[in-house]
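The primary structure of each chain is shown beneath.
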Amino acid sequence: MNQFTFEGSQKRLFLGMIAVGLACMAATFLFDDDALHTRFWTNFLHNTVFFTGIAFVILFFYCASTLAYAGWFVNFKRVFEAYSLYLPVGLGFLLVIIAGIWGHFHHLYHWTDTSLLEVGGPNYDKVVAGKSGFINKNWYTFGTIITVGIWSFCAIKLRSLSLDEDSNPNADHSQYVQFKKVAAFFMFFGAFSSAAMIWQWIMSIDVHWYSTMFAWYATASWLVSALALTIASLIYLKSKGYYESVLPDHFHDLGKYIFGFSVFWTYLWFDQFMLIWYANNGEETVYFQHRFNHYSVLFYANLAINFVLPFLILMRNSVKRKAGIMMFAAIILFFGHWLDFFLMIKPGAYLTAQEALAHGGGHGDAAHSVVESGFALGNHFPGLLEVGTFLGFLGLFLFLGFRQLAKASLEPKNDPYLGEALHHHVI
Amino acid sequence: MKSQNKEILYGLYDDDEDLLKAVKAANKDHLEMYDVFTPFPVHGLDPLMGFSESRLHIAGFVFGAMGTLTAFLFMTWVFTRDWPIIFGGKPYWSVPAFIPITFELTVLFSGIGMVVSYYIVNGLGFGVENPTLDDRITDDKFCIAFQTNGYSDAEIENLSSFFAKTGASEVSSKVI
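First to last, the protein sequences are chains A and B. For the first sequence, the positions run 1 to 427 when our numbering is used. For the second sequence, the positions run 1001 to 1176 when our numbering is used.
Just chain A, same shape as in the assembly (with noise of 0.2 angstroms):
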């Protein structure tokens, strides 16, 4: 079978999840929130960069192997252009998150508040002044809108062109030549533009703090996720009789990624926190120390489950080619690196809205001082509204993607690199 059907059971069950996902997003909205709807806002904000930054970064593998001369994957590169074809719908996504910051009604960003940027004001506060010019609401603006549109200009293209190929081959390739081009111009673009969009989206949430290791480490986080997502996709599409040519030898490679990126991921959580650890300026510690503080079960449980786990399943490599196991570790790290989120954006959205509501919205240095009271369900750790709100996001984006996979045979037909997936051997 090379046309994939989206069938009806199949439509039905992520609509539910949807549905779901919005019933629990109103529950939250109405009736377990504060006056500033934090835990509303920040779980939109959570699942909205989770599932954008994994559109991103699919594609981002995509054209990199490509551009490598990679030939293992191509039989179900249709896989990585349906789920990139996500990214359209997260810059709407976005775009409502930009509309709360111009409209002021949510209080995500502590630095949308301008009284902090007035010299000799009340509120001065000289970091978030230094900072505002690149941290103010233009370059947010207009920074995800240029940016993601051109994401998804090129997530588009690259699919016309991988359709193209199959409808009209000729001899020359052109547009495996074509695709390369833009390939190439997406990831130069999309390495340095997803570094500063982290800075924007996530970053300056806590807007004193700053890392340069910061947009690797969620760039990884992305991308064993999205891997993850790849495989538990693949072995669905297997189980229901697609995919024939997809081998356990594909499998193993992508778990040799999925075991190789968690590895890098863990690198880069240890080199952001071990470098701070040693230099011990209070300026850097302070967001170690808040998580340690209120989020120690999560903190440990986030090493625990993205690092010793995967680890520990994945070191075999004939695990790498069993189905069942690689079901299991995708379906942990898909969500222990949705915990990973939740560890980077609530804290100190949390705080933020804290200080606000204490204060009347005003700051200081002295607002610095509010002491959290208190262990706040969804906002100290994920509540059933929080995974309702997951299932929600991940039903729409995979009704999406199983909607573009329908549109196309699921295997291309003239990709130059077909025969050598086709015949793809590890071991």
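Treat the hints loosely; a few may be bogus.
[Unchecked claim] Computed beta-carbon distance windows for the label pairs:
hint	chain 1	residue 1	chain 2	residue 2	range
1	B	K1024	A	A171	28 to 38 angstroms
2	A	L384	B	V1042	52 to 62 angstroms
3	A	F142	B	V1042	48 to 58 angstroms
4	A	T285	B	G1044	51 to 61 angstroms
5	A	P248	B	S1173	47 to 57 angstroms
6	A	A23	B	G1060	42 to 52 angstroms
7	A	F185	B	Q1147	56 to 66 angstroms
8	A	A23	B	I1112	34 to 44 angstroms
[Said to hold, decoys possible] Facing chain B, from chain A, some residues (calculated, C-beta under 10 angstroms):
hint	residue
9	F292
10	M315
11	H423
It should be emphasised that the hints constitute simulated quantities derived from the structure, not laboratory data. Yeah, the Cβ is synthetic: ideal placement off N, Cα and C, and Gly gets one too.
Fit chain B to the supplied structure of chain A, relying on the hints for placement.
Quick look at chain B alone, frame taken from chain A:
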């Protein structure tokens, strides 16, 4: 220990596809091969020859774990018992500071341990001479070798006809 000289009957093939077909035919005829020599790794040869998964990575894991323990326990001993020094106001037993060195020694032990294991298991090393059946099997010829100690004339004849049947370009014998 001096091992017995081996009488080897071998055939040379010009192409790796021919070689794979010949190995399949040898399996089908239940002929016991001494070894197969190729100038480069040939895909699909290992399973045909009945090789099980290499155990080298088990050695890698054991040596790596030794490296982890060596580094971690040594630093623990040095900084808590033997010569405690305070660095940057940290406790004596500062685990995060030990991790980079622990990581490096894990890689070092694992790497060197695997190389040494490989050399010992395969009988390689300084001063070891390994007989080559034919110099061309390191260049462009593919070779299947049978050990024929104690074979009857009929069995030798059988092997020769096998080489003829599978398209070997040359057949020779050698004592190594």
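- Item | Hint check for Q1147(B) and F185(A) - Cβ pair distance inside 56 to 66 angstroms | holds, 60 angstroms
- Query: Lying within 47 to 57 angstroms: is that true of the beta-carbon distance P248(A) to S1173(B)?
  - Reply: Because 41 angstroms falls outside the window, the suggested range is violated.
- Item | Status of the hint placing M315(A) at chain B (closest C-beta pair under 10 angstroms) | holds, 8 angstroms
- Query: Does the Cβ-Cβ separation between A23(A) and G1060(B) fall within 42 to 52 angstroms?
  - Reply: holds, 51 angstroms
- Per the CB criterion, is H423(A) less than 10 angstroms away from chain B? holds, 8 angstroms
- Are T285(A) and G1044(B) spaced within 51 to 61 angstroms by their CB atoms? holds, 56 angstroms
- Query: For the pair A23(A) and I1112(B), does the Cβ-Cβ distance stay inside 34 to 44 angstroms?
  - Reply: Check failed, 58 angstroms falls outside 34 to 44 angstroms.
- 28 to 38 angstroms as the expected CB spacing between A171(A) and K1024(B), which holds or is violated: Between K1024(B) and A171(A), where Cβ atoms are some 36 angstroms apart, the hint holds.
- Taking the beta carbons of L384(A) and V1042(B), is their distance inside 52 to 62 angstroms? Distance hint for L384(A), V1042(B) holds at roughly 56 angstroms.
- Cβ distance range 48 to 58 angstroms for F142(A) and V1042(B), holds or violated: Given a distance of about 56 angstroms, which is inside 48 to 58 angstroms, the answer is holds.
- Item | Residue hint F292(A), partner chain B, criterion CB-CB below 10 angstroms | violated, 13 angstroms
Of the numbered hints given earlier, the model fails hints 5, 8 and 9; all others are met.
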